[in-house]
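4 protein chains.
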Amino acid sequence: MIKIAVLGATGYAGIELVRILSAHPEAELKILGSQSFDGQPISEVYQNFAHVLDMNCEKLDLERVAECDVAFTALPHGASKDVIPSLIEKGLKVIDLSGDFRYDDIKVYEKWYGQEHSSPELLAESVYGLPELYRDKIKKARLIGNPGCYTTCSILGAYPLLDSGIGSPDNIIVDAKSGVTGAGRGLGLGYHFCECTENTKAYKVATHRHTSEIEQELSKAAGCEVMISFTPHLIPQKRGIFSTIYVNLNKKCTAEELTELYREFYKDEYFIRIKEPGKLPETKHVAGSNFADIGIVVDERLDRAVILSTIDNIYKGAAGQAVQNMNLLFGLDEKTGISGAGFYL
Amino acid sequence: MIKIAVLGATGYAGIELVRILSAHPEAELKILGSQSFDGQPISEVYQNFAHVLDMNCEKLDLERVAECDVAFTALPHGASKDVIPSLIEKGLKVIDLSGDFRYDDIKVYEKWYGQEHSSPELLAESVYGLPELYRDKIKKARLIGNPGCYTTCSILGAYPLLDSGIGSPDNIIVDAKSGVTGAGRGLGLGYHFCECTENTKAYKVATHRHTSEIEQELSKAAGCEVMISFTPHLIPQKRGIFSTIYVNLNKKCTAEELTELYREFYKDEYFIRIKEPGKLPETKHVAGSNFADIGIVVDERLDRAVILSTIDNIYKGAAGQAVQNMNLLFGLDEKTGISGAGFYL
Amino acid sequence: MIKIAVLGATGYAGIELVRILSAHPEAELKILGSQSFDGQPISEVYQNFAHVLDMNCEKLDLERVAECDVAFTALPHGASKDVIPSLIEKGLKVIDLSGDFRYDDIKVYEKWYGQEHSSPELLAESVYGLPELYRDKIKKARLIGNPGCYTTCSILGAYPLLDSGIGSPDNIIVDAKSGVTGAGRGLGLGYHFCECTENTKAYKVATHRHTSEIEQELSKAAGCEVMISFTPHLIPQKRGIFSTIYVNLNKKCTAEELTELYREFYKDEYFIRIKEPGKLPETKHVAGSNFADIGIVVDERLDRAVILSTIDNIYKGAAGQAVQNMNLLFGLDEKTGISGAGFYL
Amino acid sequence: MIKIAVLGATGYAGIELVRILSAHPEAELKILGSQSFDGQPISEVYQNFAHVLDMNCEKLDLERVAECDVAFTALPHGASKDVIPSLIEKGLKVIDLSGDFRYDDIKVYEKWYGQEHSSPELLAESVYGLPELYRDKIKKARLIGNPGCYTTCSILGAYPLLDSGIGSPDNIIVDAKSGVTGAGRGLGLGYHFCECTENTKAYKVATHRHTSEIEQELSKAAGCEVMISFTPHLIPQKRGIFSTIYVNLNKKCTAEELTELYREFYKDEYFIRIKEPGKLPETKHVAGSNFADIGIVVDERLDRAVILSTIDNIYKGAAGQAVQNMNLLFGLDEKTGISGAGFYL
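Residue numbers (numbering that gives the first Met the number 0), protein chains in the order written: chain F, 0 to 344; chain D, 0 to 344; chain W, 0 to 344; chain X, 0 to 344.
Just so you know, these hints were derived from the structure itself, not from any lab. Any given hint could be a false lead.
Given that identical chains are not distinguished, each listed pair holds provided it fits within a single copy or across any two copies.
[Claimed, not checked] With a straight-line cut-off of 30 Å between C-alpha atoms, the simulated DSS-like cross-links for lysine-lysine are: (1) Lys334 - Lys2; (2) Lys250 - Lys106; (3) Lys278 - Lys110; (4) Lys251 - Lys219; (5) Lys203 - Lys250; (6) Lys334 - Lys29; (7) Lys251 - Lys203; (8) Lys92 - Lys29; (9) Lys106 - Lys251; (10) Lys136 - Lys80; (11) Lys274 - Lys29; (12) Lys266 - Lys136; (13) Lys203 - Lys266; (14) Lys58 - Lys278; (15) Lys139 - Lys92; (16) Lys334 - Lys274.
With the hints as constraints, model all of the structure from the sequences given.
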């Protein structure tokens with residue numbers, strides 16, 4: 000059994016990790032780290048865990064964490080700075096859900112996050128935890144930068160088109176819609192039920208940090224610098240991200256041809272489901288699962304592809320993907336504990 | 000592995016069964032019965048099953064079903080009439096999700112359903128599938144009448160109080176609120192999103208069939224005929240039933256005393272969680288799980304208990320409880336495949 | 000034109016007052032009182048008012064308020080204590096939306112609110128602002144205690160039955176469900192979208208303050224002391240209260256007879272709509288309006304009436320009823336500015 | 000008073016018209032046309048109208064309609080074909096909410112609607128009912144083609160930028176999100192509450208008819224043929240459209256400059272509210288009102304404007320705009336009866 004610490008266990012990504020791991024056949028939850036709920040049973044903080052998981056939250060104690068094999072760090076921005084290097088030093092594998100270890104180029108991080116990076120050497124060593132692109136590196140890593148939710152959804156949707164050279168790197172638009180769990184459990188007027196229900200809005204237009212993460216990966220796909228318009232929106236549902244991606248085509252193609260291209264690109268991927276032409280994904284199809292569903296439309300009037308990509312933002316976009324990475328790190332079947340169909344209802 | 004037929008697999012209760020069973024370690028889904036979608040892959044009807052379950056729906060073929068060990072019948076009212084006797088005859092265990100096999104007294108059935116019963120002998124033999132009350136009988140049954148959603152929630156909430164003699168059988172009120180999945184997948188203006196969201200209403204006040212099922216069980220608990228007011232309401236959420244149960248007390252007691260009574264009554268029950276005094280259940284705590292959460296308030300001004308009971312209507316109120324019954328029928332640990340914490344998010 | 004101050008204009012009840020009054024043909028909004036948003040345009044705090052209402056919020060200045068004819072006080076509990084006596088002294092009419100001036104008996108107030116009352120004389124003078132019961136007194140009042148949301152809904156539903164002597168004062172149950180606007184705009188984890196959507200729960204069972212207000216009025220109707228079970232629930236919608244009221248009947252009657260009784264009782268009331276037997280109210284029918292819809296079912300098995308009563312909690316349950324009171328105070332047609340059909344959609 | 004027939008009064012656009020007109024000071028509703036509910040009181044079909052509007056629905060009788068001054072036709076596609084010419088002939092003004100009279104070029108209509116147009120002469124005469132662009136023509140028209148919901152939102156958002164020559168006509172993307180009222184009251188599995196809530200999806204990608212309407216108007220603005228990508232999405236709320244519009248800029252500009260451009264363009268428009276730089280619109284700000292809120296972001300990295308435009312789809316996107324057109328047709332102040340702030344809550 001893999002001995003596990005979840006640091007930041009009571010945020011939304013953290014508790015989804017706990018939920019998945021509490022039913023994972025190879026996982027042994029040892030530590031539920033939480034500053035705010037130190038000493039409280041997890042089943043009081045999240046009452047759905049009564050009778051299921053009998054553990055108390057605890058504040059950070061590095062010696063105790065050091066007894067684990069792996070730590071998931073789902074800490075508030077900045078809080079993981081000191082923790083992660085210590086954990087690595089003590090020989091743990093670390094899967095970090097913050098933005099700190101997702102970048103190839105430290106300058107990109109520092110520009111978009113507006114601060115110096117505290118562990119440049121670890122950043123250089125860390126592996127971007129998108130298994131569909133970096134599976135082999137992930138298997139050998141000590142430190143994984145688990146991708147952001149918007150980015151997972153958008154990169155998976157656009158990558159094959161740019162990689163093939165058929166999609167033009169210019170004029171790419173990613174218009175993304177996210178459920179409210181993406182904002183976390185912190186209070187804010189904008190997340191009050193009465194303000195949020197029956198409401199759709201955009202936020203951080205052209206300035207959201209995930210822009211840089213998407214651009215990093217699509218640039219590698221395209222083999223040249225890609226800059227995109229990325230617009231996040233908040234929609235009145237809990238789970239789900241839906242990215243609508245517009246890519247001009249360098250040559251005439253049909254939806255059938257592009258669908259075939261995507262099927263080939265993702266042919267060994269259990270968690271990627273390419274819709275047949277004419278069918279489109281919906282967030283409901285992926286909610287509560289680790290799947291990414293991708294549909295492809297070609298606007299032949301404009302020689303432009305419209306790629307529809309959807310994931311569950313706290314599952315494939317956070318906790319589920321983190322477990323997928325853990326499975327790879329420890330030599331398990333990648334699907335262990337996360338292979339199921341979503342809720343639908 | 001238990002070979003399984005789900006008849007009526009594409010309704011909401013049916014597909015929740017399929018979802019649970021597709022991840023159940025001892026279950027082998029053999030037949031997904033559906034008249035409407037005969038020949039179609041289940042992953043087209045419910046696209047969340049793509050890559051998870053590669054089976055086609057099929058219309059009823061008794062010979063094929065006869066190769067299974069157990070059939071779940073989640074058929075439209077009336078449709079199971081002929082099917083179930085044939086299946087029993089062929090040696091299958093049957094777990095029926097309709098109202099047809101839930102009654103001790105055929106007259107009660109005929110009064111509330113307004114029709115003759117087609118299989119009086121099977122009705123007499125059938126066992127009411129509420130494991131917390133009838134576990135031993137269930138283990139030996141051939142035919143289980145799986146309880147209704149409102150009834151599971153309400154009976155579990157009121158039973159200990161009446162069984163103990165502390166609750167008065169007179170003036171019991173059950174005010175119940177249900178999510179919309181309870182109405183099934185059939186179309187109707189009342190279930191149109193725009194009519195249903197931001198709306199609460201009562202329906203079938205004083206005439207809902209589940210009244211008779213609740214009365215049957217509470218009468219057994221009380222040892223005398225119990226008649227209740229039962230009011231179902233439709234609330235704008237998918238999953239969840241919340242029953243608020245008012246019972247006059249035959250003697251002064253405190254919430255602490257009643258809580259202790261309930262804890263004792265359900266002391267071996269994994270799926271029943273009694274809240275400590277001062278804590279109350281919420282549908283969110285049980286959604287996506289087989290748990291029933293029960294909270295107890297005593298209004299000492301009035302010598303009246305207010306019992307708050309909640310379940311997930313399509314899980315513990317339908318599919319999950321049906322699997323719990325299957326586990327018992329086949330000698331498995333009752334919790335197999337249904338022990339997890341709910342979604343919360 | 001009536002010169003108006005709304006004190007506490009930026010809470011949910013306050014802003015609904017502003018919305019209604021900004022379209023009222025006889026109203027002139029002079030002061031939008033808000034401590035938190037002093038100096039800010041109301042159209043920045045609630046951006047739906049841009050181009051409609053060009054006024055700034057301001058903190059309390061009694062001299063300025065004194066130039067108005069009427070003040071609506073929608074202040075946080077306790078904050079109105081000093082303000083209201085001053086306003087009355089300066090000759091304004093005051094319509095108070097807090098619980099402070101709703102009681103006949105100061106002892107009841109002090110018991111349920113757990114504090115001494117600061118203005119016993121004003122309490123003695125104040126009139127309970129339920130026009131359907133106290134229209135004549137309201138017309139002559141200086142100070143109106145505007146009823147609570149749950150209480151308006153529940154009293155209107157139960158009053159005729161108790162007043163007629165047909166309803167028994169014993170064993171009355173009021174099971175009420177409220178939308179989330181009832182909790183106001185303050186932040187709290189329980190009102191976070193992700194915690195609130197897809198969730199139903201009860202709260203303050205047997206201890207909610209509105210219990211005492213309902214009991215006060217129903218006792219007057221019955222001519223004897225009435226004590227009720229009152230259970231408030233939070234349901235995942237913005238607007239609407241739905242009260243399900245159980246009253247034992249002193250004699251056999253039909254739904255038709257009781258419907259006739261209610262029609263007669265409310266025969267001159269524009270804002271009360273009695274459903275014909277067999278039809279039931281829904282919160283959607285009253286959302287965004289000043290109407291109260293009431294449906295009546297008789298459970299002839301039990302000689303018990305089930306009264307279904309619904310209002311919009313921040314309209315007829317707060318702001319709309321306050322304007323109805325203002326209309327009466329100033330000799331206007333009671334319906335002025337609040338006569339419209341609700342949104343439905 | 001203007002005598003009015005609403006034909007198709009019981010669809011969602013129709014009933015919103017009835018709601019607005021029933022409170023309009025110059026409107027006299029004479030006929031509520033409905034094939035399905037002929038003879039039924041409108042207050043039974045939409046129970047929010049009890050006590051407010053005492054009229055029966057009636058099936059089409061041209062002689063009776065001929066006594067009116069104006070007819071709003073909100074009929075199912077195709078049904079208005081024969082009716083409208085007759086009404087025009089009898090001297091009524093007609094405001095048609097279908098797509099039939101929105102086109103300058105009959106060929107565009109026939110291409111996108113896949114059928115011949117039945118009244119080419121009337122199409123030639125009809126005026127596109129977007130008052131902010133065609134106010135003078137509307138005043139003198141006999142027949143108004145009331146714009147679609149997506150199109151109103153998108154055209155208002157993009158027009159000034161193309162008209163000014165600063166926006167490039169190439170590579171325009173309109174990514175639009177609509178509430179479910181946009182789909183009307185007809186039943187469909189996709190509009191069942193349980194399928195629709197917690198779900199976001201795209202539909203009719205690159206093929207939706209509103210594409211052609213947007214292109215027609217933007218081509219006039221730009222002075223050249225404009226072709227756009229238009230992607231409609233269904234989001235889990237009742238009211239509201241949010242269009243995110245991407246337009247490349249022909250020269251460097253700031254958000255401040257473009258905001259000033261929009262303010263100047265719409266300087267006399269009550270119903271258009273341009274957000275100051277840094278503020279963004281939300282559907283909640285316009286729900287229940289005739290306003291269009293527009294926010295402007297410039298991505299200076301890409302020389303691309305991102306325009307965020309939002310309206311209430313059944314108000315400014317259908318019924319409210321139709322009343323705005325009626326006001327113009329009859330010489331009233333354009334704002335009469337539709338000037339209020341939206342619900343917010």
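Can you give me the call for Lys136 and Lys80, within, between, both or neither, at a CA distance of at most 30 Å?
Close inside one copy (23 Å), not across copies (59 Å); limit 30 Å.
Please sort Lys58 with Lys278 into within, between, both or neither, judging by C-alpha distance up to 30 Å.
Classified as between; 25 Å across copies, 48 Å inside a copy.
Checking an output row: Lys106 and Lys251, CA cutoff 30 Å. Within, between, both or neither?
between (37 Å within a copy, 26 Å between copies)
Can you give me the call for Lys334 and Lys29, within, between, both or neither, at a CA distance of at most 30 Å?
Classified as both; 22 Å inside a copy, 23 Å across copies.
Given a CA cutoff of 30 Å, do Lys334 and Lys2 count as a within-copy pair, a between-copy pair, both, or neither?
both (18 Å within a copy, 24 Å between copies)
If the cut is 30 Å between Cα atoms, do Lys266 and Lys136 qualify within a copy, between copies, both or neither?
within (19 Å within a copy, 50 Å between copies)
Check Lys278 against Lys110 for me: Cα-Cα at most 30 Å, and say if that holds within a copy, between copies, both or neither.
between (40 Å within a copy, 23 Å between copies)
Checking Lys250 and Lys106: alpha-carbon separation at most 30 Å within a copy, between copies, both or neither?
between (35 Å within a copy, 28 Å between copies)
Is it within, between, both or neither when you check Lys251 against Lys219 at 30 Å Cα-Cα?
Answer is both: 23 Å inside a copy and 28 Å across each meet the 30 Å cutoff.
Cα distance capped at 30 Å. Does Lys139 pair with Lys92 within a copy, between copies, both, or neither?
Within. Shortest intra-copy distance 10 Å satisfies the 30 Å Cα cut-off; inter-copy 50 Å does not.
Identical-chain pair category, Lys203 with Lys250, by Cα at 30 Å
Classified as between: cross-chain Cα gap 23 Å, same-chain 33 Å, threshold 30 Å.
Using 30 Å as the alpha-carbon threshold, which applies to Lys274 and Lys29: within, between, both, or neither?
Answer is between: at 26 Å across copies they meet the 30 Å cutoff, but 40 Å inside does not.
This entry satisfies every hint, going by the numbered hints stated previously.
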